[in-house]
Amino acid sequence: MAKNIRIIPRLDIKGQHLVKGIHLEGLRVLGNPETFARYYYEQGADELMYMDVVASLYERNSLQEIISRTAKEIFIPLTVGGGLRTIEDIRNVLKAGADKVSLNTAAIANPKIIKDASLKFGASTIVVAIEAIKQSNGEYLCYTDNGREYTGKNALEWAMEVESLGAGELVITSVDKEGTGSGFDFELVQQIAEKVSIPVIAHGGAGKLDDFEKVVNHSKADAIAVASVLHYDFIQKHEQEIDTEKEGNVSFLKSGRSFTKIQPVSLPEIKKYLADQGVPCRI
Amino acid sequence: MSKVIIVDYQAGNLFSVLNACLKVGINAEITSDKNKIVSADGIILPGVGAFGESMNNLEKLDLVNPIKDFVSSGKPFLGVCLGLQLLFEESEEFGVTKGLGLVEGVVKKFKSPDKSIKIPQIGWNTIQKPPHADWQQTPLTDIAENSFMYFVHSFYVEPSNHKDIISETTYEGKKYCSSIQKNNIFATQFHPEKSADLGLRMYKNWSKELK
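Here the protein sequences line up with chains F and A, keeping their order. First residue of the first sequence? That's 1 in the numbering used here, and the numbers climb one at a time after it. First residue of the second sequence? That's 1 in the numbering used here, and the numbers climb one at a time after it.
Careful: at least some of the hints might be erroneous.
As the list claims (entries may be wrong) - Selected chain A positions facing chain F (in silico; Cβ < 8 Å):
hint, residue
1, Pro120
2, Lys129
3, Pro130
To be verified - Over the 10 Å line for every Cβ pair with chain F, so calculated as not near, a few chain A residues:
hint, residue
4, Met1
5, Ser2
6, Lys23
7, Ser39
8, Lys109
9, Ile117
10, Glu145
11, Ile185
12, Lys194
In short, the hints are calculated from the structure, not lab data. Bear in mind that the values here come from a model prediction, so they are computed numbers and not experimental data. The C-beta atom is built at its ideal place from N, Cα and C for all residues, glycine as well.
Construct all of the structure, not just a fragment, from the sequences and the given hints.
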């Protein structure tokens with residue numbers, strides 16, 4: 001039997017809010033992350049991912065509290081990333097109840113942290129996030145800080161280096177595609193998935209059901225991180241209950257202008273679609 | 001109320017196990033205090049990490065004998081993931097490393113000669129009952145065959161006595177042992193604390209053995 005493909009809702013968090021942007025920027029507040037997390041858990045999410053997108057020291061405490069409350073109620077793996085710089089930072093989020101951590105900036109600045117952390121906490125606890133932007137010559141380069149900082153590192157070479165340093169998994173984000181709903185960067189995911197033997201989580205660009213099937217069958221992704229399509233589905237279904245004054249600014253969704261490429265779908269719909277296409281997943 | 005000790009030997013995953021215990025009403029505490037281990041009503045050996053380093057930690061913390069004494073007392077013992085693997089005689093990780101030797105058999109690594117198989121296995125997979133096994137007398141009672149559980153591992157156990165195996169799982173064509181029961185020892189390769197409702201039910205079932 002082939003392995004089961006995981007669908008992982010990704011929740012970008014700023015302070016105490018769930019946010020979503022395009023190309024990792026232009027963040028809008030969508031609501032309370034724990035409400036969304038709970039819903040996705042009940043809907044059959046295979047894991048959850050929390051990304052602190054505006055990681056700063058004085059906001060770290062509210063993230064710890066969100067992790068700790070989530071881990072008491074939600075019994076699937078929780079990966080936490082964003083602004084983790086040291087072994088101590090990693091230990092703190094694991095202590096709060098995260099199962100895995102995702103590293104990007106810290107790993108690029110100091111690749112040895114991957115090795116140290118995987119020896120200390122187990123390789124499968126250390127996920128490395130690669131945020132790539134396609135250059136005009138077709139090369140993929142790594143960026144940090146939500147796609148703002150240029151590093152000059154080649155994404156494929158970095159993926160292989162990260163594997164050899166002991167990372168347990170990779171999350172590959174196409175900054176070009178993120179939040180656009182125009183489909184994954186299928187070529188980027190495929191190139192990396194073929195080069196490494198650790199699992200690859202594709203992220204950035206899912207807009208319709210087709211994209212999920214293609215990133216598995218064509219690009220060989222082992223898991224898919226999803227945000228917009230799920231968040232917008234949740235909001236559409238719960239519009240009445242969401243107090244937009246207090247929880248979030250979702251009026252942009254009603255205009256329907258900037259998000260025409262995103263077709264909101266639920267987790268059961270994604271999984272049923274994949275299963276119908278012969279892609280095994282947990283239903 | 002029965003007291004369960006989650007053995008702290010500096011491996012990961014302790015807090016997930018504690019949260020699951022609290023959720024199903026198990027009075028659990030994380031500690032590496034050997035007196036508390038020996039006098040506990042039940043112990044859980046969790047674990048995410050490396051076999052060799054974990055055995056070193058157990059030795060450094062002087063926990064090897066307390067764990068063995070606890071197991072011979074006949075009280076309920078639950079091992080999870082690395083906590084299953086450590087029960088065996090040896091692991092082939094970095095040469096050969098000795099384990100606790102409480103269950104006969106060895107720990108082996110998944111093979112991926114041409115890199116076509118992803119290692120570690122990370123994700124959900126199903127558990128099957130071997131013909132000789134009876135789940136009714138185990139924490140798997142009332143859990144349906146082919147239920148999905150969450151796995152994260154590069155190594156798997158190979159018990160010498162086939163009857164110790166109570167569930168099997170197949171990853172990329174390789175069938176292996178995904179849980180064992182030997183007397184008062186119950187241990188799983190999967191993470192019940194990360195396996196949603198069914199995993200919590202397994203913890204609840206296990207807790208019924210506590211006196």
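Problem set entry | Contradicted hints - numbers only | 2, 3, 6, 9, 12
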